[in-house]
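**Q** Sequence:
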Amino acid sequence: MTYSDCVATIAMIVAVIAVPATGYLSYYFAIKGEKRKEWNQVSIPIREKLISHIDDMRRGQFSHPEVKRIDILKFSDIRGKLDNSDLMSAYDEYENSHQGEEVLIKTNKYTFIAGDLSKPISASEKLLTLITRK
Numbered sequence: 001m002t003y004s005d006c007v008a009t010i011a012m013i014v015a016v017i018a019v020p021a022t023g024y025l026s027y028y029f030a031i032k033g034e035k036r037k038e039w040n041q042v043s044i045p046i047r048e049k050l051i052s053h054i055d056d057m058r059r060g061q062f063s064h065p066e067v068k069r070i071d072i073l074k075f076s077d078i079r080g081k082l083d084n085s086d087l088m089s090a091y092d093e094y095e096n097s098h099q100g101e102e103v104l105i106k107t108n109k110y111t112f113i114a115g116d117l118s119k120p121i122s123a124s125e126k127l128l129t130l131i132t133r134k
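Residue 1 is where the sequence shown starts when you use the working numbering, and the numbers rise one by one after that.
Derived by calculation from the structure, the hints in this document are not laboratory data. Ideal placement from N, C-alpha and C gives every residue a C-beta, glycine not left out. A few of these clues could be false.
[Stated by the list, open to error] Computed cross-link-like contacts, DSSO-like style, restricted to lysine-lysine with a CA-CA straight-line distance of at most 27 Å: (1) Lys81 with Lys68; (2) Lys49 with Lys35; (3) Lys49 with Lys134; (4) Lys37 with Lys49; (5) Lys32 with Lys81.
[Said to hold, decoys possible] Derived CB-CB ranges, DEER-like: (6) Glu38 with Glu66: 52 to 62 Å; (7) Arg58 with Tyr28: 35 to 45 Å; (8) Arg59 with Lys134: 28 to 38 Å; (9) Ser52 with Lys32: 26 to 36 Å; (10) Asp83 with Ala30: 20 to 30 Å; (11) Lys35 with Glu66: 17 to 27 Å.
Make the full structure from the sequences, and use the hints.
**A** Below is the structure:
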């Protein structure tokens with residue numbers, strides 16, 4: 001076998017392996033990027049609502065919680081194979097902590113001044129740690 005035959009054989013082997021491999025790799029990373037975008041599209045609005053709500057409570061104001069159960073269910077659907085029991089129990093704790101008498105002292109049309117906000121803040125922070133970005 002001459003030098004040119006060896007080079008041609010190696011080139012054919014590389015071409016047969018490289019073309020499908022590059023196609024597979026580009027497909028794999030494109031799908032991975034789309035899943036990341038879909039994850040962030042659902043998680044970022046929830047995180048923004050929670051961060052804003054936590055900030056309001058730390059300033060001594062109690063705004064109505066904007067995170068709804070449907071938002072959490074959408075996020076749990078995106079999580080797929082992960083166990084969602086911790087997420088749902090954290091949301092239930094979040095929901096229950098915002099129904100107490102101490103947080104429902106109305107001062108004007110939009111804002112509530114609250115007594116002890118430690119439970120709602122800790123429940124909101126716990127929920128925030130479970131809703132991650134990618």
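**Q** Okay, which hints does this one fail, numbers in order?
**A** Of the numbered hints given earlier, the structure breaks just one, which is hint 6.
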